[in-house]
Amino acid sequence: MKDILIIKDLNYKKNQKTILNDVNLNLSSGKIVALLGENGAGKTTLMRLIAGVAKNYKGSIQVDGFINEAQRKAKLSFTDGLTGFSDSSKLKEIEKFYATIFDDFDENEFEEIRKFMKLDLEMKLSQLSRGMREKLIIALTFARKADLYLLDEPFGGIDAMARKKIINSIILWKDEKSTILISDHFVNEIAALLDEVVIVKDNTVLEHKSADDIRQTHKSIEEYYESFYEDEDDE
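For the sequence shown, our numbering gives the first residue as 7, with consecutive numbering after it.
Keep in mind the hints are simulated off the structure, nothing from the lab. Note that CB positions come from ideal geometry on N, CA and C, so glycine has one too. Any given hint might turn out to be false.
Claimed, not checked - Derived BS3-like pairs (lysine-lysine); straight-line CA-CA distance at most 30 Å:
1) K81 with K180
2) K207 with K124
3) K171 with K14
4) K171 with K98
5) K81 with K102
6) K14 with K183
7) K79 with K215
What the hints assert, rightly or not - Cβ pair distances, simulated, as ranges:
8) E128 with Q22: 18 to 28 Å
9) E75 with T106: 18 to 28 Å
10) D126 with Y235: 38 to 48 Å
11) Q22 with E75: 19 to 29 Å
12) E213 with D181: 24 to 34 Å
13) N62 with N30: 35 to 45 Å
Based on the sequences and whatever the hints tell you, model everything.
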């Protein structure tokens with residue numbers, strides 16, 4: 007099984023502050039991987055760098071063998087927050103934009119996920135609650151037939167019942183060869199989906215482990231993650 011993502015010796019600073027230091031990470035195709043770490047650990051920055059949104063880093067990032075940012079972007083789908091659209095934009099206009107810009111955007115897939123999310127195409131962005139906006143972002147993200155999906159805290163504003171349904175459906179929305187890298191605070195809720203876990207701490211990837219190996223230690227994914235911070239809690 008080939009590696010869809012290869013990161014070598016990645017270093018990134020912003021305003022002279024080190025955000026990521028000596029990051030190395032390989033992810034295989036067909037995996038669902040949790041990216042875990044406390045707030046400010048650099049998870050979002052890492053995803054933005056992979057997606058080609060953040061720039062001026064040192065080291066190399068490859069997605070499906072491509073280092074060039076434009077080629078990487080064509081291979082991945084990132085939950086980017088809809089920052090380029092005005093509040094007066096209707097959902098149908100946003101869908102049309104995505105269909106025009108991205109060759110891999112599947113309008114039928116979007117329609118199915120949109121109905122599942124109970125989103126009205128005639129609504130404007132200004133009419134959406136935070137949870138509805140996040141549902142739209144998820145629908146747009148998975149409507150693309152990408153090799154790599156980057157989900158950055160995708161469920162924060164979605165109520166618990168809807169969140170559970172969405173998490174259970176994610177496996178149906180991805181191709182079996184596609185990989186999902188998901189950063190999320192609801193660790194226990196996504197745990198059953200996971201193939202691997204990546205821990206970001208102290209500005210780097212501290213651990214990358216199979217979820218099955220963690221389960222065999224009779225620890226939950228959340229307990230395993232929290233174990234990296236036990237000594238700090240004791241201080």
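Consistency of the hints with the structure:
1. K81 with K180: This hinted pair holds, its Cα atoms lying about 14 Å apart.
2. K207 with K124: Outside the cut-off at roughly 37 Å; violated.
3. K171 with K14: 36 Å, violated
4. K171 with K98: Since the Cα atoms of K171 and K98 sit roughly 24 Å apart, the hinted pair holds (cutoff 30 Å).
5. K81 with K102: Holds, because 20 Å separates the two Cα atoms, which is no more than 30 Å.
6. K14 with K183: 23 Å, holds
7. K79 with K215: 26 Å, holds
8. E128 with Q22: 18 to 28 Å: 47 Å, violated
9. E75 with T106: 18 to 28 Å: Between E75 and T106, where Cβ atoms are some 20 Å apart, the hint holds.
10. D126 with Y235: 38 to 48 Å: 42 Å, holds
11. Q22 with E75: 19 to 29 Å: 24 Å, holds
12. E213 with D181: 24 to 34 Å: 28 Å, holds
13. N62 with N30: 35 to 45 Å: 19 Å, violated
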